[in-house]
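> Sequence:
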Amino acid sequence: MLKGKTALVTGGTRGIGFAIVEKFLANGANVVVAGSRQETVDKALAQLTEYKGRVLGVCPDLCNPAEVEKACLAAKNKFGSLDILVNNAGVSSATPLYKYTLEEFNKVININITGVFVCAQAAAKIMKEQGGGVIINTSSMVAESGQPAGCAYPASKFAVNGMTISLARELAKDNIRVNAVAPGVTRTDMVAALPKETVARISAGIPLGRVGEPEDVANAFLYLASDAAGYVTGTVINVDGAARA
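Heads up, the sequence shown is in the working numbering, so the first residue is 1 and it goes up one at a time.
Worth flagging that the hints you see were computed from the coordinates, not collected in a lab. Values in this document were obtained by computation on a predicted structure and should not be read as measured data. It cannot be assumed that every hint is accurate.
What the hints assert, rightly or not - Heads up, simulated DSS-like pairs for lysine-lysine below, C-alpha to C-alpha not over 27 Å straight-line: (1) 3 / 173; (2) 70 / 43; (3) 76 / 52; (4) 107 / 43; (5) 52 / 3; (6) 196 / 125; (7) 107 / 70; (8) 3 / 70; (9) 76 / 128; (10) 128 / 78; (11) 128 / 3; (12) 173 / 70; (13) 107 / 3; (14) 173 / 128; (15) 125 / 76.
Let the sequences and hints guide you as you build the complete structure.
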């Protein structure tokens, strides 16, 4: 579905991000894996040896325009284009309001909102010159439902939704589609470490009766990145088993 295309995936070294990387590679794309540290990038690349020659690792500061631009250009220079940007990198928080420090609040906002803006701006410049592209942002079901504590995280994902819709309208004239995927409870490392009883209790509250798998979410990204979604832009796809209902 993505043969001949090149994607840059931030937060691509583990969890949902790594599942997206694997899904894109399996569907013919060249992929640039962006992580927060060289150590995690190298670990991810070591698991992708079967795709040697079609994968590249980078670790830019996502809030630094110069570093992000360099990473985007590295993708274009190595593979000839930058067709897809996945803004998946993000940090969460569950700190109660009364204990929230401004430093912690700003860390969530900077990575989850500023990082999306910086990466989208750098990638869009290249995509415009090429004649088009796709930007997909990772949102969350808590953008709609909120969460009991850690207000910066749902606030940041609400902002991601707004940025997604706005950029879709602004960049449509440049043939750049912009969408988002909002996962629900997904079996990442954090969920996998929970006791079976806890997972069972969480699953009981989800209409489909189970937590999501990283591949469930990656499939939505694959669809939005592909030509099958050629007339889809400015939308947020919920992949949560109707847990938000």
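> Does residue 128 pair with residue 78 here, judged by a C-alpha cut-off of 27 Å?
Roughly 19 Å separates the two Cα atoms, so the pair holds.
> Can you confirm whether the C-alpha distance between residue 76 and residue 52 stays at or below 27 Å?
Status holds; Cα separation ~17 Å.
> Need the status of pair residue 173, residue 128: alpha-carbon distance at most 27 Å?
holds, 9 Å
> Is residue 107 within 27 Å of residue 3, Cα to Cα?
violated, 36 Å
> Mind checking the alpha carbons of residue 3 and residue 173 for me, to see if they're no more than 27 Å apart?
Given that 27 Å is the threshold and the Cα spacing comes to 25 Å, the pair holds.
> Below or equal to 27 Å on CA atoms is what counts here, so check residue 196 against residue 125.
violated, 47 Å
> When you check the alpha-carbon spacing of residue 70 and residue 43, does it fall within 27 Å?
holds, 22 Å
> If you draw a straight line from the CA of residue 173 to the CA of residue 70, is it 27 Å or shorter?
Between residue 173 and residue 70 the Cα gap is close to 25 Å, so the pair holds against 27 Å.
> So if I understand the rule, the pair passes when the alpha-carbon distance is 27 Å or less; does residue 3 with residue 70 pass?
holds, 24 Å
> Taking only the CA atoms, is the gap from residue 76 to residue 128 under or equal to 27 Å?
holds, 13 Å
> Given the hinted pair residue 107 and residue 43, is their Cα-Cα distance within 27 Å?
Holds, because 25 Å separates the two Cα atoms, which is no more than 27 Å.
> For the pair supplied as a hint, residue 128 and residue 3, confirm whether the alpha-carbon distance does not exceed 27 Å.
Satisfied, since the Cα-Cα distance of roughly 20 Å is no more than 27 Å.
Violated hints for the displayed structure, listed by number in ascending order: 6, 13.
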